[in-house]
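Participant: The lines below spell out each chain.
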Amino acid sequence: MMDNINVQNLTVSETPHIRSSHKTSSIMLEVFLALCPAAMAGIYFFGFRALIMIVVSIASSLLAETLYNKIAKKKNTISDCSALLTGILIAMNVSVVMPFWAVALSAAFAIIVVKQLFGGLGGNFMNPALCARAFLMASFLGKMTSFAQPMYSGLLAADAVTSATPLAIMKEGSTKGLSLLDMFIGKTGGCIGETSAVLLILGGIYLIARKIIKPHLPLTYIAVVAICSYFLGGFSVEYALMQILSGGLMLGAFFMATDYVTSPMTEKGMVIAGIICGLLTVAIRHYGGYPEGVSYAILMMNAATPLIDRLVKVKRFGEVSSWKKKEAVR
Amino acid sequence: MFFSGFKGGIHPPDRKEQTKNCPVKELEPTELMTFIMAQGGKPCTPCVAIGDKVLKGQVIGDSKEFMSAPVHSSVSGTVEKIDKVLSPRGDMAEAVIIRNDFEDKEASVGETFPVGYVSKDELIGIVRNAGMVGMGGAGFPTHVKLSTDKKIDTVIINAAECEPYLNSDYRTMVERPDDMIDGLDLLLHAFGIFKGIIAIEDNKADAAKILKDKLRSNMQIKVLKTRYPQGSEKQLIYSVTERKVPEGGLPADIGVLVFNVDTVSSMSRAVRSGIPVTRRVVTVAGLALKEPGNFLVRIGTPFWKVFEAAGGFVCQPKKIVMGGPMMGIAQCSIDIPVTKTCSGLLALTDDDIGTKEEMPCLRCGRCISACPMGLMPVVLNKLVNKKEWDEAEKGGIMNCIECGCCAYSCPSDRNPASTIRRGKSALRAKR
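Protein sequence lines, in the order shown, are assigned to chains C and V. If you read the first sequence in this note's numbering, its first letter stands for residue 1, the second for the next number, and so on. If you read the second sequence in this note's numbering, its first letter stands for residue 1, the second for the next number, and so on.
Incorrect hints may have been included.
Derived contacts from chain C toward chain V, CB cut-off under 10 Å, selection only [claimed, not checked]:
| # | residue |
| --- | --- |
| 1 | Ser79 |
| 2 | Asp80 |
| 3 | Thr145 |
| 4 | Ser263 |
| 5 | Arg316 |
Derived pair list, reagent style DMTMM-like, types lysine to aspartate or glutamate, alpha-carbon separation capped at 20 Å [as the list claims (entries may be wrong)]:
| # | chain 1 | residue 1 | chain 2 | residue 2 |
| --- | --- | --- | --- | --- |
| 6 | C | Lys313 | V | Asp62 |
| 7 | C | Lys313 | V | Asp390 |
| 8 | V | Lys212 | V | Glu247 |
| 9 | V | Lys81 | V | Asp62 |
| 10 | V | Lys16 | V | Asp351 |
| 11 | C | Lys315 | V | Asp62 |
| 12 | V | Lys424 | C | Asp182 |
| 13 | C | Lys313 | V | Asp351 |
Rough simulated footprint, nothing fancy, chain C against chain V, three-plus residues with beta-carbon under 8 Å [claimed, not checked]:
| # | region |
| --- | --- |
| 14 | 311 to 325 |
| 15 | 415 to 425 |
Keep in mind the hints are simulated off the structure, nothing from the lab. As the structure is a prediction and not an experimental result, all values here were calculated from the model. For each residue, glycine too, the CB sits at the ideal point set by N, CA and C.
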């Protein structure tokens, strides 16, 4: 009897002694999973080249992460799956006609310059995938803004028939030839992963249901864009719907703006961030030089995040407001 | 509007099924029993000398301080040693060690009240003499709580038992509901009020049903959603009465007193038959144990004896915890004695604990959503590390109830609760 009540090497640590099953890597993997349907739609609409684009982007992200850790003599961090997520997001944010090497370069930029040089996961103040997109915008404007027409791409799509995106058409001031249904399912010109609004929304709902993200930021963001577009488009519901279904809004609102590291931590802060993103997106789309403003809007929100988190306070349990305290003194 | 209780909190797997249906078994004492002098409130000083004969139920340690409760021997025998021993809190504490003669000769009891009611002052006296402390884990001397001069209109029995694994309160309610009901009745009459509420979580529906049949006209039962930390005093009061204890205040400030199930039950025993607190129900659970169960353990019994009664270990436990897994204290040895606040003894393995790797903070905000006190653990954590005390105090660091929800919910296995605890004691020391 006495034999089996001996104990050795007991761990003594602070409370609590049990932990939830959530892990950083499992969260990243679930976001990755939620993105997959929309990515597959991109492959369906834009062809085999889109698949290779995704593979190249993910592979170069993982490689960049591994190389950086080797050079910096750090533990390899690809197992946290954040590089995997950055990889697929970059591919989903470029046109299918983008040269592979440019995508690989931007992935390396995102991982090494934007993320690792700022201290790795959790230290970056801007979304790496969006920075990669901005990097490509600055370096390959032509390729970034020429979009393949869906369903017409050849095997490697080097000779794809290009088409204007719905946003570019709307920027010209018309909605001719645009079908709301096509925009909803994703049969329009655009980046690989941004066109299928329905699958992106489903992915977003999945993340909200699994409590990976909170609905505050995406819903405020989309609502602000819808309301502003309704007024700016001459009180047209159709125009407002087209605005929210086109461009990178769904991808941005559900998957990029909600990035934990670069968005506010409190619910109030998330609403503020959503409003900022919405207003900036509408402003860029209507008054800016580019037809699309989602990525810059989110990047600017990222920059404002530390300020938002500093200013927004949560209500404490049993908090006695300062004016009540003064009242009591009187 | 629909009221759903306090904000935040977590839903850990409750893992109560392991011992939920195990009836409480009485555990025989060992030859050497160790009575730690600090078992809640200010530490006592021994009032016996080496070689003295002591009786079961005799006071062996007492203190003149108001904020303390006497310690009684749970066996009869001879005082063997008075020495410093390792206490469950991890420090060396003064203790009286008694060699048990296994005769259980009982000390004479004072005045008892087999029927009827007692006044508030009488109750305070009885409770103090019985050495009663909050048996939920905090160990706050019960007579101090009773001595409030604030106007009390509600007494709540904390039967939430929101900590995973633990079933000691549940078993007490199922097996001896009359003691608890009687204790509550005594309390209500002592305060001259008519509102006693038994607050229980909905995972203990069968206990609620048993109690419902026994309720007296001045009592009601409130079934709450199962959520940790439902049994934390402030959260419980809010869930039951929708009143919030103001920051830095006490429940009595808003007219409420909260007592643990075991405390109220022993109150009845003390009043009716003069029995002091010399034993308690302990849940012994965890995957490392062969036959987990619930035991009626005499105070002063070493942990190893309790684990032996639970069939011993099937594998090396990774952690031994006194109390629940969320707020209990990790132990470094099994030679430590059971005290009045020991509601559970857990032998946990890696599967119980759930291991993950510590990673950088993702700023995901889960700790903020989980905090039942509405604090921002991630921010407080940073402020403490930067030693920005004023900012931390403004952020409400002193409000932290150390429930551990932030650390539990962190996907990166960080522990803001521990940093905050450090910050709190640093701030207290500065004052």
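Participant: So, against the hints stated earlier in the document, which numbers end up violated here?
Facilitator: 3, 6, 8, 11, 12 and 13
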